[in-house]
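Protein chains in written order, with this note's numbering: chain A, 1 to 264; chain H, 1 to 264.
Careful: at least some of the hints might be erroneous.
Same chains, same names: a pair is fine if it fits in one copy or spans any two.
[Unchecked claim] Restricting the straight-line Cα-Cα distance to at most 27 Å, the calculated cross-link-like pairs of lysine-lysine (BS3-like) are:
#	residue 1	residue 2
1	Lys247	Lys175
2	Lys72	Lys43
3	Lys147	Lys62
4	Lys245	Lys37
5	Lys3	Lys72
6	Lys97	Lys19
7	Lys71	Lys97
8	Lys42	Lys232
9	Lys62	Lys36
10	Lys97	Lys72
11	Lys175	Lys190
12	Lys71	Lys37
13	Lys247	Lys17
14	Lys168	Lys118
15	Lys36	Lys247
16	Lys97	Lys247
17	Lys147	Lys43
18	Lys147	Lys3
19	Lys168	Lys119
20	Lys3	Lys43
21	Lys62	Lys97
22	Lys97	Lys17
23	Lys247	Lys3
24	Lys72	Lys2
25	Lys63	Lys37
26	Lys71	Lys42
27	Lys63	Lys36
28	Lys43	Lys69
What the hints contain is simulated information worked out from the structure, not anything from laboratory work.
Number of protein chains: 2
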Amino acid sequence: MKKIILIKLGGSLITEKDKPYTSRDDVINQLAIEIKKIITTKKDTIFILGNGGGSFAHYPAKKYHIQDKTKKDLFGYAAVQDGAAQLNRIVVGALLKQGIPAVSLHPSSFVTASGGVKKAFFTDSLFGQLHNHLTPVIYGDIVFDEKDSYHIFSTEALFSLIIPELRKEHYQVEKIIHLTSVAGVLDAKKQIIPLISQQNFVEVKKHIFKTKGTDVTGGMLHKIETALSYAKNGIPTYIIQGDNKQKLLTKLLLNQEVIGTTIV
Amino acid sequence: MKKIILIKLGGSLITEKDKPYTSRDDVINQLAIEIKKIITTKKDTIFILGNGGGSFAHYPAKKYHIQDKTKKDLFGYAAVQDGAAQLNRIVVGALLKQGIPAVSLHPSSFVTASGGVKKAFFTDSLFGQLHNHLTPVIYGDIVFDEKDSYHIFSTEALFSLIIPELRKEHYQVEKIIHLTSVAGVLDAKKQIIPLISQQNFVEVKKHIFKTKGTDVTGGMLHKIETALSYAKNGIPTYIIQGDNKQKLLTKLLLNQEVIGTTIV
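Just chain A, with the same shape it has in the complex (with noise of 0.2 Å):
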């Protein structure tokens, strides 16, 4: 079984929250010094990498009102497009100076909607990415949806619809790990909630906080039901912070304890 990790670079982290169009280079680029480590490290795990839209695609779908299903604006899918794929094109050539063999899989180009559910998902790119040893980069993107003309897959939805290929394909998907803006998930008393489960799941949704900046896609609820979602096939999610120089990235993948929120 090949091994498999999933890590997602959070766009509130990696996008200045107030600034449309401003990535902050200065974390994804720790972030790619951060991740080439830890890919010649672990030698025997493959990375799938994904990131965010951050302001980058939250900006023009605010503006062009994408999430109102009364005013379709064709403009707009295209304003989103755009944007989600000029940040990950940042993320790859950040992860590409680093001699990472990143490639970019454009979610618009490979996966199509029908009422916000998949219709269709071409996986043979993916694999083929996997087979040639590259580090597959997706990202939130909008979609052709044949009910509601248009539909977004934040990055997380993505990964919902890849685990089950690649389990198919007989890789073995270890853990997600999100690096986000904040330390993990918080209370109503700003604590890290450290352990979220199907358990403790009613109890932590009336008291977690939303997370801040502009997000079509959810924010963090969205983010805690994905990973239950995740977590029903053995597959654990960790939420941690990405933007400090504590490298919990690294730590994590070492096994080390690491201050964030575990979902399993």
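Mind docking chain H on chain A? Use the hints.
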């Protein structure tokens, strides 16, 4: 029948030949303005655009010996994919600036190959974009090849893959236009050859000049051979200069006579 015209913006037209990763933004912007006017005028016609790789794709392809099957370089694969996608973003950005709802269609995410020919081709995203009245912009790209690790599909080759799919869905492909950095196909005396067909191709082949610049997809001969294959399906190709102030594209689409090469 929905009428379709495919237009290729040649890579050596829209990038600086001798400068890697340098786009000719003035040329791209001028073309975007012209295309906007054409789309507004010809409301009964759907346009699919494509851009070549120019110095964005051909430079890394040469650097990493992408065409040398004995020196497979997977970092090179990633670098070529990145370069091609970078230029496509610039082109799409210029089209969006003119109000065209341009969307990228990324070949490496929806096409795979086997021994240099198409293996799988996911058409749902393309037809979704057309259904949504968006303007797809494809580009020459490096894709997974199950036998040769990877394969470069030029924009021309991708048009060849797309045309039969369009016809199956009852789109009528009216013509193909190549906007190039030269005024047409030139003979040994640097005179434009006005008409190329199966009948005179053998003779023409002896006399044509190779196009200048780094081009790993075969240059002018490749364009002609691909165009002759379109012609077998009754689709003419026009090779005209794209970087002049004569608005040849507009004139051609208004059925005015223009200088260039027609391949039938």
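Hints, one by one, checked against the model:
| no. | hint | result |
| --- | --- | --- |
| 1 | Lys247 x Lys175 | within (18 Å within a copy, 56 Å between copies) |
| 2 | Lys72 x Lys43 | between (46 Å within a copy, 20 Å between copies) |
| 3 | Lys147 x Lys62 | within (21 Å within a copy, 44 Å between copies) |
| 4 | Lys245 x Lys37 | within (15 Å within a copy, 52 Å between copies) |
| 5 | Lys3 x Lys72 | between (41 Å within a copy, 25 Å between copies) |
| 6 | Lys97 x Lys19 | both (25 Å within a copy, 19 Å between copies) |
| 7 | Lys71 x Lys97 | between (41 Å within a copy, 21 Å between copies) |
| 8 | Lys42 x Lys232 | within (26 Å within a copy, 53 Å between copies) |
| 9 | Lys62 x Lys36 | between (34 Å within a copy, 25 Å between copies) |
| 10 | Lys97 x Lys72 | between (39 Å within a copy, 20 Å between copies) |
| 11 | Lys175 x Lys190 | within (26 Å within a copy, 62 Å between copies) |
| 12 | Lys71 x Lys37 | between (46 Å within a copy, 26 Å between copies) |
| 13 | Lys247 x Lys17 | within (22 Å within a copy, 43 Å between copies) |
| 14 | Lys168 x Lys118 | both (17 Å within a copy, 24 Å between copies) |
| 15 | Lys36 x Lys247 | within (13 Å within a copy, 49 Å between copies) |
| 16 | Lys97 x Lys247 | within (19 Å within a copy, 40 Å between copies) |
| 17 | Lys147 x Lys43 | between (43 Å within a copy, 24 Å between copies) |
| 18 | Lys147 x Lys3 | between (37 Å within a copy, 24 Å between copies) |
| 19 | Lys168 x Lys119 | both (18 Å within a copy, 21 Å between copies) |
| 20 | Lys3 x Lys43 | within (10 Å within a copy, 52 Å between copies) |
| 21 | Lys62 x Lys97 | between (32 Å within a copy, 18 Å between copies) |
| 22 | Lys97 x Lys17 | both (25 Å within a copy, 24 Å between copies) |
| 23 | Lys247 x Lys3 | within (22 Å within a copy, 56 Å between copies) |
| 24 | Lys72 x Lys2 | between (43 Å within a copy, 23 Å between copies) |
| 25 | Lys63 x Lys37 | between (39 Å within a copy, 25 Å between copies) |
| 26 | Lys71 x Lys42 | between (48 Å within a copy, 26 Å between copies) |
| 27 | Lys63 x Lys36 | between (36 Å within a copy, 22 Å between copies) |
| 28 | Lys43 x Lys69 | between (46 Å within a copy, 26 Å between copies) |
Comparing the model with each earlier hint shows no violations; every hint is respected.
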